[in-house]
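All chains should be built: construct the whole structure from the sequences, respecting the hints.
Residue numbers (the numbering used here), protein chains in the order written: chain P, 7 to 208; chain Z, -17 to 338.
Since the hints were derived computationally from the structure, they do not count as laboratory data.
Do not take every clue at face value.
[To be verified] Far from chain Z, by Cβ distances over 12 Å, these chain P residues were calculated:
#1 Ala96
#2 Ala109
#3 Trp114
#4 Lys120
#5 Arg121
#6 Leu122
#7 Leu123
#8 Arg125
#9 Gln141
#10 Asp150
#11 Glu151
#12 Pro158
#13 Leu200
[As the list claims (entries may be wrong)] Now the in silico label distances, taken between C-beta atoms and shown as ranges:
#14 Gly82(P) - Ala24(Z): 26 to 32 Å
#15 His75(P) - Gly189(Z): 19 to 25 Å
#16 Asp53(P) - Leu101(Z): 46 to 52 Å
Even glycine gets a Cβ: it sits at the ideal position worked out from N, Cα and C.
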Amino acid sequence: MVHLRRREESGLTPGKNPPLRCASHQYTHPMPANADDLDDVLERIHDRVEERREAGDYPPGLEQQLDRHYHHILKGFDAEVEAITALRLAVANLRAQSEFDLARVDTWSGNPVKRLLLRIVGKLTVRQTRGVLTQVKLFSDALDEVIASLVPMVESLAGSGTEGGGRERSDLDKRLHTALDRIGLLEERLDRSLEASDDRSV
Amino acid sequence: MTEIHQVLVGAGRTDAITNMARALRVALRTLGQSEIYAQHPAPGVDDVLPLDQFPREDSAGRTIVFHASGGDPDVFELLDSVAERIVLVFHNIAPAELFDDVDPARAEMLRLGWQELELLRPKVCLAIADSKHNAECLAAVGYEDITVIAAGVDVYRLHRLTPDPAMWHRLGHEVHGPLLMYVGQSVPHKRPEVLVQMQYLLTRHVGRFPSLAMVGPPTVPVVNAAALEQARVLRVPGCLFYGQLTDAELAAVYRRADLFVTASMHEGLCIPVLEAMAAGVPVVGRSVGALPDTVGDAGLLLPADAGPEMFAEAVGELLDDEGLRNRMAYRGRQRLRDFDEAAATASFLEALAGVV
Chain P
7 MVHLRRREES
17 GLTPGKNPPL
27 RCASHQYTHP
37 MPANADDLDD
47 VLERIHDRVE
57 ERREAGDYPP
67 GLEQQLDRHY
77 HHILKGFDAE
87 VEAITALRLA
97 VANLRAQSEF
107 DLARVDTWSG
117 NPVKRLLLRI
127 VGKLTVRQTR
137 GVLTQVKLFS
147 DALDEVIASL
157 VPMVESLAGS
167 GTEGGGRERS
177 DLDKRLHTAL
187 DRIGLLEERL
197 DRSLEASDDR
207 SV
Chain Z
-17 MTEIHQVLVG
-7 AGRTDAITNM
3 ARALRVALRT
13 LGQSEIYAQH
23 PAPGVDDVLP
33 LDQFPREDSA
43 GRTIVFHASG
53 GDPDVFELLD
63 SVAERIVLVF
73 HNIAPAELFD
83 DVDPARAEML
93 RLGWQELELL
103 RPKVCLAIAD
113 SKHNAECLAA
123 VGYEDITVIA
133 AGVDVYRLHR
143 LTPDPAMWHR
153 LGHEVHGPLL
163 MYVGQSVPHK
173 RPEVLVQMQY
183 LLTRHVGRFP
193 SLAMVGPPTV
203 PVVNAAALEQ
213 ARVLRVPGCL
223 FYGQLTDAEL
233 AAVYRRADLF
243 VTASMHEGLC
253 IPVLEAMAAG
263 VPVVGRSVGA
273 LPDTVGDAGL
283 LLPADAGPEM
293 FAEAVGELLD
303 DEGLRNRMAY
313 RGRQRLRDFD
323 EAAATASFLE
333 ALAGVV
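The structure is reproduced here in structure tokens:
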């Protein structure tokens, strides 16, 4: 037989099957009567696979090895997608934090004297604080632009690994780490600027 | 006035189920009012109405033809809430467990699809399956008296088209030696990686150097991407991942192809196999699902558990035997008579007349 039917896969036993009503024009000759040549071919294929296995052309466990390799890649892709999703979330979080405003500067204290003092200092240094905020805002906008261009680059670098663009994975890793290093440097500069602005406002 | 509307989960420009519904709509409109509604019509599909436009007001004489191919809560809610009779056309639903690791949301929808089939059973006045295998699957969830009507497909649709000249030119540059082709969505059960591994064995172990064209939409992108990555890492020559092509481009690939190869583990019908037979391209696949019913003796069907070693040998065998390839191509065209669109529509209307 050419066709190895597996009715048992459907979970049905032949006796329990409900009747199937077939339209008149079809399945009048469901199985071929002239497939002997294919039977012979199948037999030859079986034999040749065995021969190659015996001759060592197909080493033992080759198919399993290839399958494991594929699933290893598949798992790697999942991790990659997760990393990119985490990056997107981090960028969204960073953007949410970049709304700079005087109203966000905390001047409250439990001590009424300190509270009054903080308000007075705040009023006296409002020009300086606004100046710092403007600079930080400019820096933040520039940083946002850099990140906006880096994120698709990171995504496409990860993607080009999956698309088989010809680059080696190690090369992609290096580029990704370079991009992340740059983001880290920019974040450090932003932190330093914010600290400086805090010092000045106090 | 007779109203017979068709409901689909998704609809596409060239999608096989949508095309079947379109052919049926022409016939149904001779009987009365008939529209196609889909929950997820693809952009540019303007002959299919969105499901939220379905007329929900009570209409005693209305019948819904539901093409079941997956789960969707909104579609189920509509089918469950309206009072119309339902004619179920079952195109099969992919096995959910194979999607669990790569696309859990889709896996959930597929499970839902099977549950919905069971829940809809009391409202279904006529159950139609487009292959014997699909009828068996439907019977397994409690349906009885299932009518098997072969899918009405315009199988020569691509054959009539002029192949896209740019694609033809591209194939001329990229294809070296015989061309093996595969068409199908990138979903886990289609097992595209087995074909990549087959190509690896052919080129590294068997000493043959065909090209392998992989065509189809990236339904679960990671599946195709991982197969492509394996081809890259193993440096498999001749793997051409074309993604989704236009009909004219696809016609060019069929025209150039020597063999159609699929390692799919589950098929409810497999339209690309019919298209290959229409193009005179012999088919190699696994004896699973509806494939034996679809290809008959026009294809070389390997055991269900055949791996890349067996696929590689099968391809080698057929590439060496032009006479056998010609015989298979001839049988393929004979076989296509069973999938005649007009005959299928006539059978459908005959079955419908018994319940409407």
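Hints the structure fails to honour: As far as the earlier hints go, not one is violated by this structure.
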